[in-house]
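**Q** Residues per chain are reported as follows:
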Amino acid sequence: MDWSKVFMETFSSSYSIIIRITLIIVPLLILIECLKDIGWLEKIAARSQGVTRLLGLPGESAIGLIVGFFTGIVFGSGVIMQIQEEAKMTKTQVNTLFLFIGICHGVIEETVVFTSMGANGLILFTSRFAAALIFTFLYIWVQKIRESKESAPLLP
Amino acid sequence: MITRQTVVRGGNKAVKIVVSLLKFIIPSIFIMKVLEHSGLLYKVAEFFAPVMAFMGLPGESALVFLFGQVTIYSGIATMAVLDFTAKQVTIMSTVLCIFHVVMLESAVISKSGANALLNAAFRFIAALFTGLVLNFIIPGV
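Chains H and V supply the protein sequences, listed in that same order.
For what it's worth, my numbering labels the leading residue of the first sequence as 1, then goes sequentially.
For what it's worth, my numbering labels the leading residue of the second sequence as 157, then goes sequentially.
All the pointers check out, no bait thrown in.
Pairs of lysine-lysine residues, derived as PhoX-like cross-links and limited to a Cα-Cα distance of at most 20 angstroms, are as follows:
| # | chain 1 | residue 1 | chain 2 | residue 2 |
| --- | --- | --- | --- | --- |
| 1 | H | 36 | V | 172 |
| 2 | H | 91 | H | 144 |
| 3 | V | 267 | H | 91 |
| 4 | H | 88 | V | 267 |
| 5 | H | 91 | H | 149 |
| 6 | V | 169 | V | 179 |
| 7 | V | 169 | H | 36 |
Quick look at which bits of chain H chain V covers, simulated, 3 or more residues with Cβ under 8 angstroms:
| # | segment |
| --- | --- |
| 8 | 4 to 15 |
| 9 | 20 to 33 |
| 10 | 80 to 93 |
| 11 | 96 to 102 |
| 12 | 115 to 124 |
Keep in mind the hints are simulated off the structure, nothing from the lab.
Since we're looking at a predicted model, the values are computed, not measured.
Just so it is clear, CB atoms sit at the ideal spot from N, CA and C, and this is done for glycine as well.
For reference, chain V alone in the conformation it holds in the complex (with noise of 0.2 angstroms):
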């Protein structure tokens, strides 16, 4: 039955899951943004383009998965700071939803006795293939 607590419970937790994404999100912009004009931000794009780019996505966007591994919410801002094209916030979006978090969400699979290291691993392997795969797939640049 959906009564007004519902409502109240889920407002409530809505704005303490924002308020703590504060702390998340206020830092990694922040970070980023003296990255860029430090100049920073080119070494780092330099240093990762390769890699990235077998999924179509430039070399900043290393970063975006870096960030991703803190909360999903300040991979989120960061990818919001960078200039992607739509293809590409769609293949960085797929690859960070499949592979975000995974210190903490391992350690929460372990706990129920499945294998984390393997589950790790599998999503690893996972967002790159499908990634790459996608940027075969979606048309335009």
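Isolated chain H, as found in the complex (with noise of 0.2 angstroms):
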């Protein structure tokens, strides 16, 4: 194995890599901090409370919805865990929200970096938030047939 070639094309492939990652991301985390302090995130939320609603969750869990749907997994989670205690989710609710977020999370910053990968952004969007719907409504549905099932034998 040729160990001179392996150092040079590591060292020319990181270089390169991570020229374009800083040139992405500096201005993509200005521009979402720049966001937040408009108050743009929470003017959405006040405004999605159909989606909250589609997916049978309390209108209070908005602001954890969007804020990990934009942003990431770990600040979504933080936002949701200050919520649980105000908005009483149950234990479906909770799933259903993770399971939403955990497959669309993060859609600005992941999507802008697979874009300058040379991914179709569009495409990479639309199929991951149709992903989210289906297999959101595929647990809910399924949590449905195991609840009636449960309640069944008890009905005359």
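Grab the two chains, each in its own frame, and use the hints to assemble them into the complex.
**A** Written as structure tokens, this is what we have:
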């Protein structure tokens, strides 16, 4: 094995990728901080009650959903932990919320970075969003069937 | 309100992220290059080729998944080393976006009271399913 070639190629590849990622991340994170300071996330959350209702979640969880959706799972779960005490979500609701965010989170950063790597950002975002919706509904559906089976013997 | 502090804060965060990424990106590229030049990459690719073919991906892309479990950026670095077509890059990115760093994210999730195993399982199935569907839908090679 040619070690000098390995080191040279590692250096050149790392160099080009790090430059590319730095050029994307610095403006992107500044932009996200600006949006946070304007209160843009809260504004969207206030209008997204319809989405949370669709997933059978309490209205208070909208802010957690939106923060997780746009910025990432770590921030999102931090916000959700604070909400949980007020909103009194059931276990199924918490699972539903995290299933959606788990599949579809940090969409701004990840979509932009992957687009710079040559992926089609529109397909990436749409299919991810669709997958999140499909699998979240699947979970809700399975839970409904389970609950109806559990309560069935009690019915006359 | 946007002040100078907002910009400084964003810039600081970005620099911190980039510095922490160096620890992951350089080793993953180094390992990929060693694998490539020692010929091991082809053996790994051969082993995973039948599974990855379902999503229209080459066998080497299994390594992107593997490295993507460390940080998403080491997955990206691995992707940049390998040769993909435009269609394959889109499929690979989508699958990696859905299923990455599951160990860490599941730990975060379970702290909030959700079922981590269920979450991870759903994400894995969702990733494979999306890859399969995209392979059918996107035209071209």
